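There are 2 protein chains.
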Amino acid sequence: MSETRTVRVELGMRGYDIRIGTGLIAEAGAHLAPLAKGRPIVVVTDATVARLPLSALEHSLGQAGIKHKTVTLPRGEGTKDFAHFARLCEEILALGIERQTLLVALGGGVVGDITGFAAACLLRGLAYVQIPTTLLAQVDSSVGGKVGVNLRAGKNLVGAFHQPKLVLCDLDTLATLPLREFRAGLAEVIKYGIIYDAALFARLERDLPKLLQREAKTLEGIVARCCEIKAEVVGYDEREGGLRAILNFGHTIGHALEAISSYGKYLHGEAISIGQVAAAELSAKVFKLPAADVARIRALFEAAGLPTRVDLTPAQRRKLFSAMRLDKKVSGGEIKFVLAERIGKVRFGQRVPEALIQEVI
Amino acid sequence: MSETRTVRVELGMRGYDIRIGTGLIAEAGAHLAPLAKGRPIVVVTDATVARLPLSALEHSLGQAGIKHKTVTLPRGEGTKDFAHFARLCEEILALGIERQTLLVALGGGVVGDITGFAAACLLRGLAYVQIPTTLLAQVDSSVGGKVGVNLRAGKNLVGAFHQPKLVLCDLDTLATLPLREFRAGLAEVIKYGIIYDAALFARLERDLPKLLQREAKTLEGIVARCCEIKAEVVGYDEREGGLRAILNFGHTIGHALEAISSYGKYLHGEAISIGQVAAAELSAKVFKLPAADVARIRALFEAAGLPTRVDLTPAQRRKLFSAMRLDKKVSGGEIKFVLAERIGKVRFGQRVPEALIQEVI
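Protein chains in written order, with my numbering: chain L, 1084 to 1444; chain P, 1084 to 1444.
Read the hints as simulated data drawn from the structure, not as lab findings.
Be careful, since some hints might not be right.
Repeated chains share a single entry, so a pair holds when one copy, or any two copies, can fit it.
DSSO-like cross-link-like pairs, simulated, lysine-lysine; straight-line CA separation at most 30 Å [stated by the list, open to error]:
{"#": "1", "residue 1": "Lys1120", "residue 2": "Lys1419"}
{"#": "2", "residue 1": "Lys1348", "residue 2": "Lys1120"}
{"#": "3", "residue 1": "Lys1419", "residue 2": "Lys1150"}
{"#": "4", "residue 1": "Lys1300", "residue 2": "Lys1120"}
{"#": "5", "residue 1": "Lys1402", "residue 2": "Lys1150"}
{"#": "6", "residue 1": "Lys1152", "residue 2": "Lys1419"}
{"#": "7", "residue 1": "Lys1152", "residue 2": "Lys1248"}
{"#": "8", "residue 1": "Lys1152", "residue 2": "Lys1402"}
Small disclaimer: the values here were computed from a predicted structure and weren't measured.
Model the full structure from these sequences, guided by the hints.
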């Protein structure tokens, strides 16, 4: 097999490897064979995934002697709703699956989240593997076992914790990713710097041009570091009893923005870019995050080509705040925030008066 | 509080009590207060539940100072589908729940299964309590954490393992249960005798008239014994890696019968009554279950007023077998059965040639 980096998610019986490298899909059959255990598997993908990765995967499965069937979802965040989820479950069941059937999600975050949730629920739990094909899915959504679908009321309001058996991050898939989507993925990459690793943040400031050119070695190092951070956080706190909440930096406002724009206008990464800059400003007000750090944060998102502000009508603003109150992080009627003390260090569960939130949006 | 029996489900951190007795709903507030932790709770019920238990529960919550909101589902097994599940989730979310919100299921198996699944998925997991109001739900579906909904392809094909925090079996609710439903519950009661406890089976043969008159002391002893058996089995094998499969005695054929009649013609208990008699006949063919035991099994179901045979057209028969192949218990393409060696002792995971199954239906 080709040279790959491996990051282990330490979760005891539910622990698993994330493998990061080039050419991984072309050899996926060899990685999947121990998990398929001689049985036919089901690949779920969507119309966004280029023909190339899917044919490479199918070819590799054939070489490894793994029979498979493929289910293709329509593209886009709209696919992550209940109606599509129900249809996906019916479709997978119609293939004649059993409790030992392995599901494989090939695609971006939407495919991974909905397939993972199907795996969590079908026959009360099937094993599954993530093969994320976007930067955002590779550094974030494919790792950690949070799966689910959106309701009209908000994002991921119905879901489960269901860990995959393996994650294959094939960096080749990033080469053909549309620029807008690649940039959206950078929003999660920058987040890891802010919440956990000041050195990563500085490296991003320095290497951003190389990253935007998608230089293979730079990408590999950055993706692997992000996966390491996520694996470490999830390994401490699988079900978000505490620490894991730091991963939601910028997400309270971000999710609400996505919800009120009906998951259409903003990509997830764009929404949380706006959300993170707002959270940084809140942090300056509440925690004395240095103004210089706020400026560096804003500048890095801007350099990455991401939006950092939003203009809302009074009606949209009201909708935004009521969406925020529906967020999973609400407790005792108060909206809790992750706030930064400095770049590389955040605290979760911070109460913020609504007036302050109004000021920064 | 009134005198109650308590059966403990031993599942470590996820362990919980089943309380069995009369007058439990009227004092539910006191039982629920430690779980509600001062927060408003959500009660889910359906139109089948008599006005009395719901008002008793609401009164008791009021006395205990627990605020609540009630969501009422339409009645019947048809309610346990994806569309109703999605609507229930949206409706509960619209009440402004948080991760600490407690759900309470007041009703029969359908209410318990769909509410439990909503609890498993909403905000990726809420705590919930079962207050089963039918015999079937008290002895079976409310205990053990199997929750889910039906798909067109079959029963409970989408679901989760999500244990309740408490089960309250108020025997008063059984007094007004329609006769047909009470009898359907007896199908699960008899099952415990067949799979686990020959003495229980003999006691049922003896006490059936008192049971059918719903004599309080008899009911209490029988319901408690059934809960004990279920708790013991689930305590050994929460996620059905092995032993728990014995609880599916009669269910492979029973579920398929329900699926092909679109969850309308047969109550669950009626379908598994037919399924258990067929499984007993298969057991006689494959395991040498004594013919006398088969006769006792059939006679007890008949004495309970339950159907023990079904007449199918050739087209229905074909549908039945294809529904059976979709069952969760299928492995390696083979339909696995729970078969009896003698009354009180069964074995799971038994392969049975399809020709033999054809003979007994």
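Hint by hint, here is what the structure shows:
1. Only between protomers do Lys1120 and Lys1419 lie at most 30 Å apart by alpha-carbon distance; the minimum there is 19 Å, versus 44 Å within a single protomer.
2. For the identical chains of this complex, Lys1348 and Lys1120 are neighbours neither inside a copy (43 Å) nor across copies (40 Å), given an alpha-carbon limit of 30 Å.
3. Within a single copy, Lys1419 and Lys1150 get their C-alpha atoms only as close as 47 Å, which misses the 30 Å cut-off; across copies the closest is 23 Å, which meets it.
4. When the C-alpha separation of Lys1300 and Lys1120 is checked against a cutoff of 30 Å, the pair qualifies neither within a copy, at 34 Å, nor between copies, at 52 Å.
5. Proximity of Lys1402 and Lys1150 under a CA criterion of 30 Å is satisfied inter-copy only: 27 Å between copies versus 48 Å inside one chain copy.
6. Taking the closest pair of Cα atoms, Lys1152 and Lys1419 come within 30 Å of each other only across two copies (24 Å); inside a single copy the shortest separation is 43 Å, beyond that limit.
7. Only within a single protomer do Lys1152 and Lys1248 lie at most 30 Å apart by alpha-carbon distance; the minimum there is 19 Å, versus 40 Å between protomers.
8. In this assembly of identical chains, Lys1152 and Lys1402 lie within 30 Å of each other by CA distance solely across copies; the values are 24 Å between and 42 Å within a copy.
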